[in-house]
Amino acid sequence: MTKALPSVSRPATPGFATFEEPRHSLLIAGDGEPDFGAIQTSEDFRALKRRVTRFILPATLLFLAWYVAFVLLSAYAAGFMSTPLFGTVNVGLTMGFLQFVTTIIITMAYARYSKRKLDPQVEKVRALAETDEELA
Amino acid sequence: MTGANTAINLTVFGVFVLLTLYIVYRASTRNVSASDYYAAGSSFTGTQNGIALSGDFLSAASFLGISGAIAVNGYDGFLYSIGWVVAWLIGLMLIAERLRNTGRFTMGDVMAFRMRQRPVRAAAANATLVISLFYMIAQMAGAGGLMALLLDVHSKVGQAIIIAVVGIVMVLYVLVGGMKGTTWVQIIKAVLLLLTVSLLTIFLIGKFGFDMSAMLDRATQKSPLGEAVLSPGVKYGATDLSKIDFLSLALALVLGTAALPHVLMRFYTVPNAKEARKSVVWATWMMAIFYSCTLVIGFGAMALVGTDKITGAPGGENSAAPLLAFQIGGTVLLGIVCAVAFATILAVVAGLTLTASASFAHDVYANVIKHGEADPRDEVRVARITAVCVGVLAIVGGIAANGQNVAFLVALAFALAASANLPTLLYSLFWKRFNTRGTLWSIYGGLTSCVLLIVFSPAISGSKSSVFPDADFAFFPLSNPGIVSIPLSFLAGFLGTVLGGEPADREKQAEMEVRGLTGIGSGLR
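Protein sequence lines correspond, in order, to chains A and L.
With my numbering applied, the first sequence corresponds to residues 1 to 136, in that order.
With my numbering applied, the second sequence corresponds to residues 1 to 525, in that order.
Extracted from the complex, chain A is given alone in its bound form (with noise of 0.2 Å):
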């Protein structure tokens, strides 16, 4: 199934897997391939997984809702929408261009807090694996 993507070949045969060595060893499982498994139970990959929920859940469903409730505004209360703000530019242009905003302001607030939370965290776990990549 893996030939499809074959950037690390799976060895024919399988290793021994041993179960003596250290803790962090587990995450490496005995054919020299990452455990998985392991990794994805592991402290520090649910830490990451918390991070990552933590921002793109709300951020996700709050710009869902307010693009959803611009186009609801559009349809079903266009009077509403052309009320006029600055001289004949009304409160639905007025709206629109406020969505380029957000979509600006979120997607800095995104790429900050990558590089601040998300990076680090994941070179954290990318190092519990790091010895396999080496020998991959």
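If you are wondering where the hints come from, they were derived from the structure by calculation, not from laboratory data.
Don't take each hint at face value.
[Said to hold, decoys possible] Derived list of chain A stretches under chain L, where covered just means 3 residues or more per stretch with a C-beta under 8 Å from a C-beta of chain L:
no. : stretch
1   : 47-53
2   : 74-82
3   : 108-114
4   : 120-126
[Claimed, not checked] Selected chain A positions facing chain L (Cβ under 7 Å, derived; list incomplete):
no. : residue
5   : P34
6   : F36
7   : F63
8   : G87
9   : V89
10  : G96
11  : F100
12  : I104
Given the structure is predicted, the values throughout are model-derived calculations rather than measurements.
Glycine is no exception: its CB is placed at the ideal position from the N, C-alpha and C atoms.
Position chain L against the provided structure of chain A, taking the given hints into account.
Using the frame of chain A, we list chain L on its own:
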């Protein structure tokens, strides 16, 4: 527009084509391995790829279609721009990095990662081919309209010949340049396009004394709709049904963007997930600037050219931007704007051709037919042959769809992408239990329901603006099917998984999740 202008237009355009072909040729001295051909050896930086990404995405639909839709329908045309900008947040936060970490060349790599390879890859390739073809047909129709204006060609036969020429040039780009060459074309074109629209915008704002309100005021005077063009509802506000059509379009735009195969494939041209993220940040900035400019250009065209003149011109709505250019800068500016629009079409179609051919060669030929043991040289050869076939199909389709609003046609491709791809991608990335059967149900469920609804919609038959205006088999009332087919695909994927089939492969799921977030095991740094 007389013969002399035609000469200028053709010269500017010809220079662009020759120049880019030369660059494509130089950039692609070695295109031997599959990785070179499909993903430019993953050698581009995030910044370069971000610019290319916006080049790939800012199609003729965006430039000609949207400025035209705004110039004619005002507010209702603006929706396209907003959907297309906001949509990048999905690409940024949910898709880009995970895709880069788990896949290699195509969308099928990700969808089939933890599923049974052959059926899922075949399904992913089918979806890719259908979506790319729809998108391409829209671009080719745009080329026809543009040339009608540029060369003053009114006969359908003349326009058909032009569409064929565009098709041949774009296949050349792909055959000669592969992904590297195509990416450079995208970069050059994105920069040219952004410069052109920014300069036009600055000029327009300056002309109206930096007062947006004054420009809108003038626009309302020149539009037969008056004040109403600034409010929602001109195009979609008439009935309850047309309002639902509006919602359907909005949904397709925001959910389709990050699931377009040619956009997804771009993420493989960068070396790692961080660069993929940086690509989207760059692309989002460029989009936001670009679409703000099209807003000004659209209303500017309404104010200076007038709606009646635009709808009466050859090329119809799509000719708003070129007409505006002619109005303010004469033949030279018209030539430049048309050449840029043309470059846009060429570049986008080249990107689409590459994606479609990669999907067929990598997913169908190498993995389904050859069980993953194809010679990479053969794979690239198959990809090249496919590129030619796809080109021919697009030319034929483009000639058939000539005269339709490009943005509208493209919106159908977005509905297809949002129905067939997005649910499948999200489920396979975020839902542990998702299995092979769910994958197949959501891809095929979304794809077939969407295609069928389009076939039986007013876009194809039953109204004056349809592809077959004389026939009437339009029993589905909405012109964009997204609001039905997208939820249907989510439901199909859910049911297919829950109702049985083999359980998800736990080990592969763990590998996909870990690899998606961290890149462990992908060999990427």
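Right, here's what the structure says about each hint:
no., hint, verdict
1, 47-53, "holds (count 3)"
2, 74-82, "holds (count 6)"
3, 108-114, "holds (count 4)"
4, 120-126, "holds (count 3)"
5, P34, "5 Å, holds"
6, F36, "4 Å, holds"
7, F63, "5 Å, holds"
8, G87, "3 Å, holds"
9, V89, "6 Å, holds"
10, G96, "5 Å, holds"
11, F100, "5 Å, holds"
12, I104, "6 Å, holds"
Every hint, counting from the list given before, is met by this structure.
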